[in-house]
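Using the sequences and the hints, build the whole thing.
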Amino acid sequence: MSAEAYRVRGPSAIGGDPRRFWNLARTLAATDWKVRFYGSALGYLWSLLRPLLLFGIVYFVFSRVVDAGAGVPHYGVILLLAMILFFFFSEVTAGGVTAMVDRESLLRKVGFPRAVVPLAVALVAAMNLALNLVVLAVFVVASGVSPRWSWLVLPVPFALMLVFATGVALLLSALYVRYRDVRPIWEVVLQALFYATPILYPIQAVIGHSQTLATIALLNPIAALVQESRHLLVGGMSLGEAMGSSALVAVPLAIGVAVTWLGVLVFDRMAPRAAEEL
Amino acid sequence: MSRAPADDVAVRVDGVSKTFRLPREQLSTLKERALHATRRQRFDPLLALRGVSFEVRTGEVFGIVGRNGSGKSTLMKCLAGIYQTDAGEMWLRGRMAPFIELGVGFNPDLTAHDNVLINAVMLGLEPEQARERYSSIMDFAELHEFAELKLKNYSSGMQVRLAFSVMVHVDADVLLIDEVLAVGDAAFQQKCYDVLSRSRDEGRTILLVTHDMGQVQRFCDRALLLDRGRMVAVDDSRTIARKYMQLNFAAPAQRESIVLAETARSGDAGAGASADSAVVVDAWAQNLAGRTTLLEPGEAMGMAMRVRFAAAIVEPVFAFLLTDEHRRPVLAVTTERSELATGSHAAGDELDVAVGFRNRLAAGRYWISVQVTLPGPDPDLVAFREDVSSSDVSGTGGGGGVVDLPHTFELTPAPSMQKADW
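Sequences listed follow chains A and B, in order.
Residue numbers are given in the working numbering: position 243 of the first sequence equals residue 243, and the series is strictly consecutive.
Here the working numbering runs 1000 ahead of the position in the second sequence, where the first position is 1.
Just so you know, not all the hints are guaranteed correct.
Unchecked claim - A few chain A residues that face chain B, going by a derived Cβ cut-off under 7 Å, partial list only:
#1 5
#2 7
#3 23
#4 31
#5 35
#6 106
Think of the hints as simulated: they come from the structure by calculation, not from any bench.
Idealized CB from N, CA, C, for every residue including glycine.
Structural data, given as C-alpha cells:
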C-alpha cells in the first residue's frame, strides 16, 4: 500500500486540511440553506420576497407613519441597513448557540474539524445577508440615494461583521455544550443589544442627549459597524465623528478583535471533547 | 518515542487509554453552579480504555469483541477521531471511514439525497465525487424510490442500509465498522458480507466490532477481546470467540480471574504460548503416613498436588484424574463438582490440594493426572500435568476389575416357582 501512515490526532477545531474544512462547511451550509425553504411552493423566491415585504413594511412605518428619523436624510434606507446587519449578527450567534447540539448525531459519529459546524451557520447567514443586501439596493434606488464611491468600501464593515459574529458564535456554541443556560441568556442579551444599537433611532438623537452616552453606545462593535456602514452608504456622520474622536474608533475594533479571539480560543479548547460532552 | 508502523500495518494502536469524567452530580445550569460555587464539581473517572495496543495488517479483517461497556465503541471512536485519547498513540494508513452507532450521523430533517451528499463529503469525498456516486449509493442501498423522503420517515433498517452504502462508496482504505451486520434483513446482510469480502480482497482493512461470535469466526482473521477497557487477548478469531463465550457466561466474580489469567498469559507471550498463571509443582499419592507409592487396599488414601500461582486467581478449580495402567479413567474428581470454595490466591502463593478417600482400587499400577482450570462451562486450562505420579496398589489383584469395592456374597435358594396365578 502506497499511502503514508499518519497519526490520529483526535478531533480538533480546524483540522489540518483546509480544503476538506471548506468542503464540509459549504456542504453543510448548502443543505441548511436548502432545508430552510423545503416544502414551500415558492421555494428560494421566498429568500428575496420575504425581506422585500418585511422591509417594505418597516420602511413605510418608519419613514411615512412615524417620523422617527427626525430629519435624518434617507432614514428609511439606513434603518433597513442597520436592521439587516443586526439580524445577520443575531442569526449567526443565535444559530451558533445551538449549532453543536443540533449536529450532535454527526459530531458523535464522524471525526471532522468541529469548527465546521458554527461556520456553516455563519455561511448560511452570509448568504441570507447577501440576498437582503440585494433587496436593500431596491430601496436605496427607490429612495433616490445617489451613488457614491464610498460604496466600494462597504464590503469591509460587512466582512468585519461576519468575522465578529462568527467569533461570538464560536464562543457561544462552545459554552452551550456545557452550559445550557447560554441560550436564554443570549436571547435576552440580543434583545438588549438591539435597543443599545442605534437601529430604530439615529445616533444623532443620542448625541443630542449626551455625547458621552453616544460614545459609550458606539464602543459596542455592532453599533460601530452599523454606524460606519450607514456613513459609507448615505453619508452623514462617520463613526469617528459620532464618537467624538477618530482615535476612539480603535476601541470597538479592539473589543471586536478580543471577543473574536476569545471565541476562537474557547472553541479550540472545547472541540476535542465536544463529542463526549454533548 | 513515536515510531511509524511497519509498511504492512494499516492500523496501529499503542498503549491507548481513555478516561471519561462522569459528573457525580449534574451541575449543568448556572444556578446550580452559583449555588455550589465553592464546591468544585466532582467527577468519577471511568476508565474506558486502559493501555490498549494492537496492530492490524493491511487487508486484514480484525474483530473487536467484548461485553457491553468493555470499551469497543470507545476504541472505535478514538480511531475515528471523534474522541481524544488520554494516552498512547494511534496510526492509520490511508483514508478511514467510520460506521459508528449504526450510522454516519444522518440529519433526520434532510432527505436521503442531502444526507448522502453531506455524509459522503464528511467521509472524505469531494462534493463533485459525492454527486457522481450518489446514484450507485442509492442503488446499493436499494432506496432509489425513497430518495426524496426525509430521513425521519425512514425505518431504522433503511437508515442503516443507506449509511452502510455511503460508507462502502467513499473509497476508504480502513473501514471502522461498529455493529452493523446485526441489523437489516438477511438479504441485505448477505450483501454487506459480500461487499466487505470484496473490500478485503481489494486490500482494504476492516475493523469490525461485534457481539456475534459466529460473525467473528466466519469473517475475521484475528480479533481483540476487551473487558472493561482492558485488553484480554489478541488472537486468531476462533480462539477469541471461545474466550469471549467463556467470559460472557462466567459469573461476575469469576470474570476477573479469567481476565487476569488471560492478561497474564498475553503478557508472558514472549516466554512461550504455554506461559500460564499457575504451575503444578508436584503431585503425589499419599496415605495416613504421608507421601507414598505403595498403597494398601482398604486404607485411607489420597491424591495431592502442589500449585504455585504466577498471577492472582479467584476460585480456581482443582481436578484429579486417576487412571489405571491401561489409561482407563477410574476416578475423576473436581473441587467444582464438590462445590468447594477454593478462595482467592495471589501471585507467588503456593497451595497444597488433596482429596481423600478409602482405597478401593484393584491391585495394579495407577497414574495421577491433575489440572487447574478456571471455572465455567468451558473451563480454560491454567495448569495441567498428566501422569505425574504412579502408585502401586498391593494385593493379589481384583480379578480383572478396575476397582475392588467392598462386597459380600449371599447364597440363597431361589424361591420355588409358585403355581402360576394366571
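Comparing the hints with the structure gives:
no.	hint	verdict
1	5	holds (4 Å)
2	7	holds (6 Å)
3	23	holds (5 Å)
4	31	holds (5 Å)
5	35	holds (6 Å)
6	106	holds (4 Å)
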